[in-house]
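Colleague: Below, each chain spelled out in residue letters.
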Amino acid sequence: MAYVPLTDQDGEMEMHHPRSWVGKYVWSQDHKVIAIQYGSIAIFTGVVGMVLSMLFRLQLGFPESVDFVDPSFYYQSVTMHGMIMVIYLLTALFLGGFGNYLIPLMCGARDMVFPFMNMLSVWFFLLSVLILMASFFVSGGPTGAGWTLYPPQAAMAGTPGSDMGIILMVASLAVFVVAFTMGGLNYVVTVLQYRCRGMTMMRLPLSVWGIFVATVMGLIVFPALLVAGVMMLFDLILGTSFFMPAAIESGQLMDSGGGSPLLFQHLFWFFGHPEVYIVALPAFGLVSDILSCHARKNIFGYRMMVWAIIGIGALSMIVWAHHMFISGMNPNFGFFFATTTVIIAVPTALKVYNWVLTLWEGNIRMNVPMYFAIGFIFTFLHGGLTGLFLGNVGVDVPLSDTYFVVAHFHMVMGIAPICVVFAAIYHWFPKMSGRMYHEGMAKAHFWLTFLGAYTVYLPLHYLGFLGVPRRYYALGATDFIPQSAQDLNATVTIAALIVGVSQLLFFINIIWSLKNGKKADPNPWGATSLEWQTPDNPPGHGNWGDSLPTVYRWAYDYSVPGAPEDFIPQNTSENKEPTVDEEHFDPDSDDSLADV
Amino acid sequence: MSITKTLTSKPWERKGIIGGLKPEGAFDAPSERVGLIIFLVVATIVFSLFTVSYFVRMELPDWQPLSEPAQLWFNTVLLIISSVMFQWARNIVGRDSRRSLSTAFIGGGVFAILFIIGQLITWGNLQSSGYYLASNPANSFYYLLTGLHGLHLLGGLWVWSKSSTRLISGSEPKEIKLSIELCTVYWHFLLVVWLVLFAILSNT
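From first to last, the protein sequence lines stand for chains A and B. Here my numbering is used: the first residue of the first sequence is 1, the next is one more, and so on. Here my numbering is used: the first residue of the second sequence is 597, the next is one more, and so on.
From the structure, some residues in chain B lie toward chain A, with a derived Cβ separation under 7 Å:
no., residue
1, P607
2, S627
3, V638
4, D658
Derived DEER-like restraints, expressed as beta-carbon distance ranges:
no., chain 1, residue 1, chain 2, residue 2, range
5, B, S725, A, A134, 35 to 41 Å
6, A, E249, B, V788, 39 to 45 Å
7, A, N330, B, V788, 31 to 37 Å
8, B, S724, A, E249, 27 to 33 Å
9, A, E249, B, S725, 27 to 33 Å
10, A, G258, B, E771, 53 to 59 Å
11, A, V560, B, E771, 46 to 52 Å
12, A, M54, B, S598, 50 to 56 Å
13, B, I796, A, P482, 55 to 61 Å
14, A, A134, B, T761, 34 to 40 Å
15, B, R610, A, R296, 18 to 24 Å
16, B, T600, A, L357, 22 to 28 Å
Calculated directly from the structure, the hints in this document are not laboratory data. All C-beta atoms, glycine included, are put in the ideal place defined by N, C-alpha and C.
Full structure from sequences and hints, please.
Modeller: Encoded structure:
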């Protein structure tokens, strides 16, 4: 291992060149390898979360049909499903996965600013996942307190996993925050400082803007989770009472007492609400680029899109208590938080209009990423509109504990971002692997996922209106829940199982295509942004061959009148001469810099 | 870079290289410094959230004020000396000089270590007079906040020890200028954090 200065070019970073296989693919400091490590760990964890959801869905649709799904297991799997999907899958995949892969490539940098810290970040993330998974194997099992982990319930006998499970959960979150902070510092400083010549902030593709603002938000709000987690760990292990109120457990007054559970809720949701947008903003950014590219049209209202991303990021910090309307609060606070919540609809609606207007009269190519991107617009619009209902205190109070909320947040921050995850994976797969995926399998995957998701979540809205409560292991016999609701629940379960199993298509497709896929063009979609203009496909270590790219234009010069092709890459100068040296353009080369 | 000017520019109108022949960072500073400042913002948020929690918790009826040990004043002086010595080292390295650089830089770290030892002694004294971590929320916060501050200082000392090794093994002042500057910024930050924490802990 050695540090080799590449060239004397201004602004060049020193690269770290590993010599061994382990140095290249395990202890790697290359942002692309780290991105794939991050993504693989996140997706593996996500599969665990999905299997858990299928198990508790079986209980809901066909009560008592599976032996080991008892009430404890039910609560544990609901809790772990929520936490895994929000934090360990979506946050890690969007920021650690796509952020790591795309930021340096789209900014025209050779790597992240602090590659060593970037490597530490992924290993800390793995550690946090291992701690999380360990909670399945300790006595008492993982925590079953719900993903919000509210004390005192999370720490009291009667809640599954109230001894070791909850401790491991909180510890895992604390480690995750450390991992995220190390990665986040990298993403932010790279975007600010390591853009190549000519790449101004307003020339960055929206993907980078979305990931950048989401990371800034993460750096601001993840500390709240850390603070809440540390104080909770003290309460759990050292017997303090930051959050634990006086309570009677098994007939005995507990040692701790006098703490404020409401304080935990404020800290948790000060993190928890922006977290929704930490997941959504990268999705907004990625989908903007995908829509624009496959519609062969510049993104409608680029500046507005940037402002909306920043505006949503800022507003999302002052809406958190809308998750606590039923915790009880001063009506004036309720009014304030309801107002800010509904105001977020303005920049968000602006973005939806702009996506639709980008499609308007575009030369739309129905490639697989476009299917998923359009699927995102539908599901996001759907989930966003039900959010408007729930933002109002008067509507939220009766609906808050019903399946309506489950349907709302799954549409808006489950299915919608997952659509973008698939759109982005299919879109960038040729760049990451150098091969094309199987088109037919990918389209089947889309239709099963998209239609299946609607079959699952539309009925849940209706169950919510009926007043069917969420979080219940079994509904039992009541007057207000008719038998038809139970039948609907069974339908939902069957649909959920089909959607779950159909994800196998995705995995089979990816694994099959890695070996047997058609060799991909360096720029199969005719995209303008820098990652498609690398001298090697997939990009080699150091990304850019001998010299860094120079940027002459924004990222959305599609279908420019008079241009020879329907796209002009960002590094093409005014006199239309491509700056990538054609002679050095060797799509078959695997690694251009390894021996520099 | 003016933020409004950046955000209102129209990227679709201007073609060509903007910002001259050098890549244009948003800040005219080394990336390490930008990274450190962003980290300090994150650390400030962590400490602020603990402070907010402290004030919220104080309002609840079971709070019994803890009278802070007088030794904290002595510890504070140690930390101030530490910070002053780092500033001294920074001034020396700013003049590209070497004279007394090792004394100033290493001395600064040693005083920080003395501060941590002082804090640990304070903990020990509190324990022996029966003020345990879990006996009252005021005590819990005392241990939590001082501990957290100490941990940040230990993190700084780790970087300090690496830079000191380089300094002793004869690196040119120019090579370690940035490390010394960043250590100084970090130490001043932790001094300010400590002064604020000391003030709010005394305010029970």
